[in-house]
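For the protein sequence lines, the chains are V and B, in the order given. Note that this note's numbering has the first sequence beginning at 24, numbered continuously upward. Note that this note's numbering has the second sequence beginning at 189, numbered continuously upward.
There's no promise every hint is true.
Unchecked claim - Residues from chain B that face chain V, not an exhaustive set, calculated with beta carbons under 10 Å: (1) Trp232; (2) Leu259; (3) Glu290; (4) Lys292; (5) Leu359; (6) Gly501; (7) Glu505.
FYI, nobody ran anything at the bench for these hints, they're computed from the structure. These numbers were taken from a predicted model, which means no experiment stands behind them. Idealized CB from N, CA, C, for every residue including glycine.
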Amino acid sequence: MKKILVIDEEKCTGCRMCEVVCSWWHEQEFNPALARIQIVSDKSESFDWAVVCQQCEKAMCQETCPAGAIYFNAEFNAYVVDEKKCIGCKMCISSCPVGAMGFNPEKGVSIKCDLCEGDPKCVKYCPAGAIEFIESEKVSLKKKYNVLQKFVQELESAGGK
Amino acid sequence: MVNSYAGKFIRIDLSKEKIEVEPIPSDWKERFLGGVGIGAKILWDETDEKTAPLSPENRLVFLTGPVQGTLFPQSARYIVVTRSPLTGWWAHSSAGGFFGPELKYAGYDLLIIQGKSQRPVYIYIDNDFIQIRSAKHLWGKTIPETNQIIEKELGDSNVKIASIGPAGENLVRYACIMSDYYRAVGRAGLGCVMGYKNLKAVVVRGTKGLRPANPEKFMKLFEDWHSRYTPKGRYWEYVESMRKYGTFALVDWENAIGRLPTKNHWTGYFENAEETIGMEPHRKKHYKKHKSCFCCGIQCKYVSEVREGKWQGTVSEGPEYETVEAFTSNFLSHDTNALVRANYLCNIYGMDTITAGHTISFAYECYENGLLTKKDTGDRELIWGEEGMDTVLELLESIAKTKDDFSKLLALGSAEAARRIGGSAWKYAIHVNNLEASGQDPRPHKSMGLTYAINVRGADHLTSISCIDELGYKDEAKRRYKKIADIICDRWDERYKGFLISETEELHALCDSALLCKYGTMWPPIYYFEDYGKIISCLTGMEKYEDLKELSKLARRICHLRRAFNIRLGWTKKNDSLHPRLSVDPMPTGPAKGQTVDLETMLKEYYEIRKYDWATGFPSEKELFECDLKEVVQELKKKNKVIKNPKIPRTGRKWIRWDEK
Numbered sequence: 024m025k026k027i028l029v030i031d032e033e034k035c036t037g038c039r040m041c042e043v044v045c046s047w048w049h050e051q052e053f054n055p056a057l058a059r060i061q062i063v064s065d066k067s068e069s070f071d072w073a074v075v076c077q078q079c080e081k082a083m084c085q086e087t088c089p090a091g092a093i094y095f096n097a098e099f100n101a102y103v104v105d106e107k108k109c110i111g112c113k114m115c116i117s118s119c120p121v122g123a124m125g126f127n128p129e130k131g132v133s134i135k136c137d138l139c140e141g142d143p144k145c146v147k148y149c150p151a152g153a154i155e156f157i158e159s160e161k162v163s164l165k166k167k168y169n170v171l172q173k174f175v176q177e178l179e180s181a182g183g184k
Numbered sequence: 189m190v191n192s193y194a195g196k197f198i199r200i201d202l203s204k205e206k207i208e209v210e211p212i213p214s215d216w217k218e219r220f221l222g223g224v225g226i227g228a229k230i231l232w233d234e235t236d237e238k239t240a241p242l243s244p245e246n247r248l249v250f251l252t253g254p255v256q257g258t259l260f261p262q263s264a265r266y267i268v269v270t271r272s273p274l275t276g277w278w279a280h281s282s283a284g285g286f287f288g289p290e291l292k293y294a295g296y297d298l299l300i301i302q303g304k305s306q307r308p309v310y311i312y313i314d315n316d317f318i319q320i321r322s323a324k325h326l327w328g329k330t331i332p333e334t335n336q337i338i339e340k341e342l343g344d345s346n347v348k349i350a351s352i353g354p355a356g357e358n359l360v361r362y363a364c365i366m367s368d369y370y371r372a373v374g375r376a377g378l379g380c381v382m383g384y385k386n387l388k389a390v391v392v393r394g395t396k397g398l399r400p401a402n403p404e405k406f407m408k409l410f411e412d413w414h415s416r417y418t419p420k421g422r423y424w425e426y427v428e429s430m431r432k433y434g435t436f437a438l439v440d441w442e443n444a445i446g447r448l449p450t451k452n453h454w455t456g457y458f459e460n461a462e463e464t465i466g467m468e469p470h471r472k473k474h475y476k477k478h479k480s481c482f483c484c485g486i487q488c489k490y491v492s493e494v495r496e497g498k499w500q501g502t503v504s505e506g507p508e509y510e511t512v513e514a515f516t517s518n519f520l521s522h523d524t525n526a527l528v529r530a531n532y533l534c535n536i537y538g539m540d541t542i543t544a545g546h547t548i549s550f551a552y553e554c555y556e557n558g559l560l561t562k563k564d565t566g567d568r569e570l571i572w573g574e575e576g577m578d579t580v581l582e583l584l585e586s587i588a589k590t591k592d593d594f595s596k597l598l599a600l601g602s603a604e605a606a607r608r609i610g611g612s613a614w615k616y617a618i619h620v621n622n623l624e625a626s627g628q629d630p631r632p633h634k635s636m637g638l639t640y641a642i643n644v645r646g647a648d649h650l651t652s653i654s655c656i657d658e659l660g661y662k663d664e665a666k667r668r669y670k671k672i673a674d675i676i677c678d679r680w681d682e683r684y685k686g687f688l689i690s691e692t693e694e695l696h697a698l699c700d701s702a703l704l705c706k707y708g709t710m711w712p713p714i715y716y717f718e719d720y721g722k723i724i725s726c727l728t729g730m731e732k733y734e735d736l737k738e739l740s741k742l743a744r745r746i747c748h749l750r751r752a753f754n755i756r757l758g759w760t761k762k763n764d765s766l767h768p769r770l771s772v773d774p775m776p777t778g779p780a781k782g783q784t785v786d787l788e789t790m791l792k793e794y795y796e797i798r799k800y801d802w803a804t805g806f807p808s809e810k811e812l813f814e815c816d817l818k819e820v821v822q823e824l825k826k827k828n829k830v831i832k833n834p835k836i837p838r839t840g841r842k843w844i845r846w847d848e849k
């Protein structure tokens, strides 16, 4: 089954550890600007969310790439940028529906999440445990149980049950 | 050589609107490391005893350290140094959040501000592009408003902003610099200096990378550091508590040992605190969401909200323990809605919650004792308890806007206000060297007394606090202090505490220079000197600092230099003292009832280890030379403020220094 990265927005504290870890593993430098996963925060609403490639079934980045630089790695179920082929046209950045494509201005190539060859480092080091690497089919099941849990809690605090 | 310094610094002269970028001198890095260390060197070199806090000549320096922006799991902070307009002495204050790392990513380790702008301005730094922009449209705006307007006009919601609010503009002596909306460079009035200079904000955006000097070693150590914040870590129970309650847990713990300042530091015990203002009731009533600073393993931040009553809808990050104490027990109030509101007001106007709370409580006690009447207070009635909290909240707004004579008086801080009120008002101004005492009481925690007395920025807990005794880390005490661990852990025993505080002062000096967070260094004690040596070595390539002797010299150098800055300004042994309420007045109630503080026992130990002259408090020439502070010896010699043969107390107690173990 295909595994994807799932963010629990209630757990995410917006610390950006995932960004620093990611940039180190992919670029050997600490630089959130080169991270494949990026935090966006609504500061006044105190809402944090990590944006990362969802490994779409119909991958617009791949379809719009004129250089054929984005390929699907079947072993790790991830779309990957071939840096040698990438011409830096940024079509993938424009076409990505979630804003998960990035760009390395020094190398002149697009960058994206490659799922760290099946062992995503953001998942491993997230202090809040807010990022999970799970089968896409299980995502909604997990969400259903989360809702159930909340429902039970509400009932308990209301003195019902 | 590749290392984790960004390598450059910015100097901006606001009088001339001149911007310069220069490489960081290697002497700064090698002798002073970063953060507060380099800050002390800059203030020493570029100011003198004639430099008034509110003058164009005073410097305001924003500094990072080698740790910022790296994967080190507590790499968020930045620190600002200046001469304080509240205390008149040395001032440093730091904040977490995201501003510090962003400055490094823009390519700069530090930013020196000098001069005074003729018009309100803000500084915009976007990598190599640096600009001074008009802040006319931002003047008078609160912190959130300022942030939103700047983000919008620059079209970038990822810029990191350190700004002042109306309190800084109106020269409230304890105005903060606020970054990332809610993080405060809180103490000693650094926002007031910024306001004086007509500088509304510093805005940073950076997209450059950083690398450690020794990547293999760094990543190997990172695995170890990272595991310390997991259930495998020795102090997991504390990390877990921080992630759940943040610093709120301290309300319960401090009250249990009679150390929760109550009614303007009159006592250290507040009845029913655990049930009303403690960690569990707060979590249930106000907790909204968990937050964190940049790349942090501890993650102690949280957002609180008011869900009922007239302040319903108030949302702000925090309040932290210090703020809780300042706006609940300090006023004999159990009203946490008013607390969250007070925290919100201080955050949006940019005021230090500790000094604000304690300056107002000072006024309350003056009123109670007839030193102030309604004639003086602008017809305000100052009464303790929940019913008095509306006036506290109203005063916070009035002070920030310096609305009337009474709020103008309180905007000066309690020490200066007491001087102006005269009579016995000083009895109720609970400060040390003009800085209001924080949420600590030395009577149940004796080492805290010395911490307050000798700290370069006054009654502050973060320059040398020891949590080993405060929170009872017995196993850690055994590892560090062996045979005398029991005495060290006895909060009521003054013996060895002078030595202990000299050690924590050195540890905190490294912490503020490297620049880590105090959480992880003091509470829980995750990192100790050996760790600092390794962190500094693998990030900067300065391997000499793995040698504890060299590391000790670095730490002492920073401590001596900061004190020398104060000595030059007129600090003597008399300044190493405590307010009677924090020392000789017996604790009236609670678990520590009857306790007082014997400061002299601790001070003698401290002087012995620091080699200070017992008559004057001046440093020893030999010790300064040993710490490679030739320039300090030369200048202090001219003023007769360095002693060739100091009379150093001999306590006879044996102490093995951390660098001799």
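For this structure, which hints from the list above don't hold up? Of the numbered hints, 1, 5 and 6 do not hold.
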